[in-house]
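Chains as they are written, first to last, in the UniProt record's numbering: chain A, 1 to 409; chain B, 1 to 409; chain C, 1 to 409; chain D, 1 to 409.
Some clues are possibly wrong.
When the alpha-carbon atoms are kept at most 27 Å apart in a straight line, the in silico DSSO-like pairs for lysine-lysine are as follows [said to hold, decoys possible]:
1. C:Lys294 x B:Lys301
2. B:Lys275 x C:Lys234
3. D:Lys316 x C:Lys162
4. D:Lys396 x C:Lys234
From the structure, some residues in chain D lie toward chain C, with a derived Cβ separation under 7 Å [as the list claims (entries may be wrong)]:
5. Phe40
6. Ile41
7. Val283
So these bits of chain A aren't anywhere near chain B, every CB distance computed over 10 Å [stated by the list, open to error]:
8. Met1
9. Asp27
10. Gln161
11. Thr166
12. Ala186
13. Thr203
14. Lys227
15. Ile288
16. Lys289
17. Asn290
18. Pro291
19. Gln319
20. Asn334
21. Glu337
22. Asp367
23. Asn370
For the record, the hints were derived by calculation from the structure and aren't laboratory data. All C-beta atoms in this analysis are idealised placements derived from N, C-alpha and C, irrespective of residue type, glycine included.
There are 4 protein chains.
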Amino acid sequence: MPETIIKIDLSESPYKNDMIHNRWHPDIPMVAWVKPGDDFIIETYDWTGGFIKNNESADDVRDIDLSIVHFLSGPIGVKGAEPGDLLVVDLLDVGALPESQWGFNGFFSKKNGGGFLTDHFPQAQKSIWDFKGIYTSSRHIPNVNFAGTIHPGLIGCLPDQKLLDTWNKREVDFIATNPDRVPPLANPPFPSTAHVGRAKGGTKSKAAMEGARTVPPREHGGNCDIKDLSRGSKIYFPVYVKGGGLSMGDLHFSQGDGEITFCGAIEMAGWLHLKVDLIKDGVKKYGIKNPIFKPSPLVPKYNDYLIFEGISVDEKGKQHYLDVHVAYRQACLNAIEYLKKFGFTGAQAYSILGTAPVQGHISGVVDIPNACATLWIPTEIFDFDIMPNSAGPSKKVKGGVKMPLSKDK
Amino acid sequence: MPETIIKIDLSESPYKNDMIHNRWHPDIPMVAWVKPGDDFIIETYDWTGGFIKNNESADDVRDIDLSIVHFLSGPIGVKGAEPGDLLVVDLLDVGALPESQWGFNGFFSKKNGGGFLTDHFPQAQKSIWDFKGIYTSSRHIPNVNFAGTIHPGLIGCLPDQKLLDTWNKREVDFIATNPDRVPPLANPPFPSTAHVGRAKGGTKSKAAMEGARTVPPREHGGNCDIKDLSRGSKIYFPVYVKGGGLSMGDLHFSQGDGEITFCGAIEMAGWLHLKVDLIKDGVKKYGIKNPIFKPSPLVPKYNDYLIFEGISVDEKGKQHYLDVHVAYRQACLNAIEYLKKFGFTGAQAYSILGTAPVQGHISGVVDIPNACATLWIPTEIFDFDIMPNSAGPSKKVKGGVKMPLSKDK
Amino acid sequence: MPETIIKIDLSESPYKNDMIHNRWHPDIPMVAWVKPGDDFIIETYDWTGGFIKNNESADDVRDIDLSIVHFLSGPIGVKGAEPGDLLVVDLLDVGALPESQWGFNGFFSKKNGGGFLTDHFPQAQKSIWDFKGIYTSSRHIPNVNFAGTIHPGLIGCLPDQKLLDTWNKREVDFIATNPDRVPPLANPPFPSTAHVGRAKGGTKSKAAMEGARTVPPREHGGNCDIKDLSRGSKIYFPVYVKGGGLSMGDLHFSQGDGEITFCGAIEMAGWLHLKVDLIKDGVKKYGIKNPIFKPSPLVPKYNDYLIFEGISVDEKGKQHYLDVHVAYRQACLNAIEYLKKFGFTGAQAYSILGTAPVQGHISGVVDIPNACATLWIPTEIFDFDIMPNSAGPSKKVKGGVKMPLSKDK
Amino acid sequence: MPETIIKIDLSESPYKNDMIHNRWHPDIPMVAWVKPGDDFIIETYDWTGGFIKNNESADDVRDIDLSIVHFLSGPIGVKGAEPGDLLVVDLLDVGALPESQWGFNGFFSKKNGGGFLTDHFPQAQKSIWDFKGIYTSSRHIPNVNFAGTIHPGLIGCLPDQKLLDTWNKREVDFIATNPDRVPPLANPPFPSTAHVGRAKGGTKSKAAMEGARTVPPREHGGNCDIKDLSRGSKIYFPVYVKGGGLSMGDLHFSQGDGEITFCGAIEMAGWLHLKVDLIKDGVKKYGIKNPIFKPSPLVPKYNDYLIFEGISVDEKGKQHYLDVHVAYRQACLNAIEYLKKFGFTGAQAYSILGTAPVQGHISGVVDIPNACATLWIPTEIFDFDIMPNSAGPSKKVKGGVKMPLSKDK
């Protein structure tokens, strides 16, 4: 096996591991250097650094301080990488840690993070998913079992100071347009919970003060939560600083398009086997702004779908203009109503959409005033037939199984 | 072959064919009746009723009166269908008319309809696509050839009066929020170009006055422009009026997710072979609001993709809140810049995104403040390798080929 | 639409159509000439020239004179084609004739042709399959419906005299090793039922006397019965005579690997839309002996299979040495026994294996003394679940449906 | 992680591990017991027990004593399993050992085992394949890289005495028909190298004397070398003895249909994560003779193929009767000639067919006298385009790379 250049200890706080960081800043020191052509292994915490537990209470989901996320492994320097290059990353393999064959999914309270359907599911809930080889299932959601499409939710290179400044100004200005919103419009730098790896002294203070939060995806990639960046894929990242500074984390055993449950996909600690290479001056050569990638040849072939449509008229009947966000929300709500007819609770149905390899397509986006989004549920993940028939649905779902819920305090 | 219950004559105006209509209204009379279990054939005009020609000028795209669209074939009554039922429609096959083996794609002028990227491509342009069996290519866009995913862009049942009233109020109120916008926010009823089929006398006037425009997808389905409603798929439509009143048109030989070029996919006249059935009281049984469907087993297996990311920061650097529309626009613009490096013009690249079986995914929609959308281009549609490599791109595209453009008058 | 260069009349005997032939001979005159780059349409009879009827009796299957087959359309000359070139044929599309939306499948009597399982099914039987758009089903085989993978069972170029002589010597010598076998080892030239197209006078006599029978696939391709030569595929044929002389027929709406029922796949009359091109001197450049091809991107994605194994120990327990034929026969017999448990008759199960898109794989062929073959049945073609479960199988198949059988006279 | 119930030590001879055996016999004692519903892990040696080394010489391939193979892990008892039951085995995951991330492929000398093309490649040769995450490539075969379809080549339950006696009689009688053949027709029991696990005393002697060799696949499954029994698949095995007695080994990182190189696929030591269950009396309920299985949803989607045909006329022009073995050999030889045009050596091309996920189909098996077999090479495994074009092939393969060859002594 290739060398493991970043190791973690699940029994230890990620704040104690100086090869971990939870902010983006150009001054965070590289923790390891590799050469183009090298392959190596990196271990990562789950995005919360172990805060969410494998138990029967959603209190941890309700109570988490979201300023601590995401705990990333890195940054890794690649010799010869210079601003303007493309860093080519092969995700040769990704997996869970042998000692931690489980993951979590949940909904944050509307008062602490929320999620895509927070108005419909405003309380903290959680489900635990066990991994059995390539498959996963949850003791909190019966009748569902599927192969994982394992991927890092978050991966990218360090920004340079200019790009960082652009981010901070853009987002801080944006927050200022509605500073009291719950959940907030965005998250500004927040030094008190910042972990800036091996930065010391003044650099440490600067990085903590200025470091961009890791939640949003941005020009460098970052927290894209793209389920298709799965093991076997090849990604081309823009390089902004000397050495690149590749960091990653937030591993998912599986996720539906949109990661609508926010907390999050099936979240896990794990490891990545990576190979790196460079395309010199590739950003300009190929006109690259955001990362581009080639998906893996090895993804579950769940090809039979039941597809739900949604349009950009919201739950209250209000018209929105070509708003795909609203349209996708309607498609999701339509699917949840449908799945409830078979005996799932609404929360279970919502969890399925967040965790299983469902697809979310931008189907029509020009037919004023309505966007049309579609949600694709693979029928093979259920152990019964979910297609409509003339007899109507019957209660197929094993009863008496509930997802833990913790009410707001 | 089964009976063709609606025939068209391409040499004749669709206004002269009383089995065609271009508005949605419950009082438009059924033009044919079928029984559950029947299969039959329907012919359709292209959505503009033949206005766009197979030639070298985009004047028709520039000058079209968009109040005439879409010319639909129907409505067809299904015996026994009652409000609350689900009408099950098998799209057994769909094709182009033998005498019309071509289609068009284009961008409307920003002053007359616009499109997803109208600020970047504000002038009318057009490309013509020839069909050769299952494949299509365009004399205006070199180096591209692909198998069609043939489908109706528009299909659905007649609304009842209550649903129609909801639509009209919703959209007219919405227009009122910015009545002078170009392009407009939505399109109100417009009697002077209405074609309400076999409606006569007072019914005709009422239907023309009140008839909902066909552009947006709505609760009944309608103009969803979902490329995956392709031949071989099975769709479940809510029924609102006695007999259902199924109408359809706007056939596409192929389309990319979003139909971003708006004029439109690869638009064609053609025929559909349908089978109908009923699930009595299915709307309530399954909790259906919008149509649901099962996709075809017979779609081109273009499985190798180059994927572009976009986030909800717009072209000017402005932050938007989890706005998938903006994010998808960025992914599209990123792809266009990339394709230009191989020698395509921007307009050609835009056309490819509108016509080829590209996928648009809602990848991440919870990571405040940025949505992440991905655009998937199947690499096999090009006759050269579009993947990045260390040598950089070379001009692979045959030069000297342009898409017709007609400047605003 | 492109020109139809060979037309047929289903009400007329193929012997009356001089653009049809049923033997391979270099002197059969070209019936049409095309240029590299041309696309055109060809109509074909079913392989028996209309002998098998859409009715409820298998008498025609029992009584057919098999020396009349296969009725091929052609030969077509391609300008500039010379021996040693590769003729590149795009199967742009293939379909049934509009007036003939059905096909047949059957088993020949062991006394007249036989088939792969003729010892188990020695009597003539027949099933009729109706086409509904992309789908087919049979009134003789309930609970099965699937999308067609339409293809020509037989296509290839004319042999030159030397190749023809090789074939005739090889096969006549082979027959001589067991001349009285029933069914025979091979079929020698047989002038009395030969149809040699436009050949006249002495050429006609010579071609009829020497013309190779069309049943076996040979070096030029010919009757390969490869289900994957489906519409959308691209084939590279060796050229032996000036002009190439491309002929084809034996269209199938669908077929399982092996075409085990022999009479045959789902056999139909139909049309092909072809495009031709040349690779000059391609046989030598690429070291080609038999045709090679690239499959279509448009084939039904039936990806969930139940797979049966067979080894090269025959039904009587006799050991054979790495014999894939015997192993595949066992896999087929195993599948038939399994399907019978759900209520299919043996004949119906056999027919499903001959018609549906089942795969036959040469899985292991070196582990002395047993070859291992696998038969893959797509589970989605049944309207019930065929997977094993702890409750055991139940009779799901609609009773009282039989396949016509005609006993030997 | 679940319990590892069979462990191995790669530094130790498998003969020293009493949880390993290399013969099939009902009296080999169970080495572990599990319950229906349990999941657990088993480690396995490579099929030669470590004889073949990761080095630059094929001496080991030439010199191996093939009477030692295959070293299997087991047998495992399943509580409650009785003769006539079906043992349901979920291959939850399969992988290489972390300390052994490589595998071998080779051709045996014709004098010691041979292989499918032994007349063309009569000398011992070897290639070593390195694993990098989901991918593999060989330092001996340039320009090729692909994702593994990991699977056990050999898995099955212990035979009862009656079935064992049938095997031994059948094969010994068969050998007697040509006892001096090289390579032999089959392999009789051979006590001197037998490893019968924990059998002691008289039982040990009896098991060694009678134990069936593990090379051929048989009614119980065994050495089927089916590449599609990959991780994620579900297999239904007939049970013959109380407890079942499940054993397995011969893990492959990847294999082409037929495993034509015989030594073998990409052979490796590794581990399996299994789950077991029972269908009581399933053999009779479902009419099962050989195992059946459902393939994994997680296999590489290499869907673009170049396909080679072969017919049952052998290399010397001799006619064979519907002989799929001969036909597949021709397809393989045709593919090798083709690949050589790009610069591969014949041995490298042969190795690719044995290791990459190529498909071998029984395409036509009734068109007397010729069977037609097809060999499907996924084009995506090469780093250059292998499709034909008008310019002809160019030497794309990196020169100077050879596979080790060891001449017969």
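Going through the hints against the structure:
| no. | hint | verdict |
| --- | --- | --- |
| 1 | C:Lys294 x B:Lys301 | holds (13 Å) |
| 2 | B:Lys275 x C:Lys234 | violated (33 Å) |
| 3 | D:Lys316 x C:Lys162 | holds (16 Å) |
| 4 | D:Lys396 x C:Lys234 | holds (23 Å) |
| 5 | Phe40 | violated (21 Å) |
| 6 | Ile41 | violated (25 Å) |
| 7 | Val283 | violated (11 Å) |
| 8 | Met1 | holds (28 Å) |
| 9 | Asp27 | holds (23 Å) |
| 10 | Gln161 | holds (17 Å) |
| 11 | Thr166 | violated (7 Å) |
| 12 | Ala186 | violated (4 Å) |
| 13 | Thr203 | holds (27 Å) |
| 14 | Lys227 | violated (7 Å) |
| 15 | Ile288 | violated (7 Å) |
| 16 | Lys289 | violated (5 Å) |
| 17 | Asn290 | violated (4 Å) |
| 18 | Pro291 | violated (6 Å) |
| 19 | Gln319 | violated (4 Å) |
| 20 | Asn334 | violated (5 Å) |
| 21 | Glu337 | violated (4 Å) |
| 22 | Asp367 | violated (5 Å) |
| 23 | Asn370 | violated (4 Å) |
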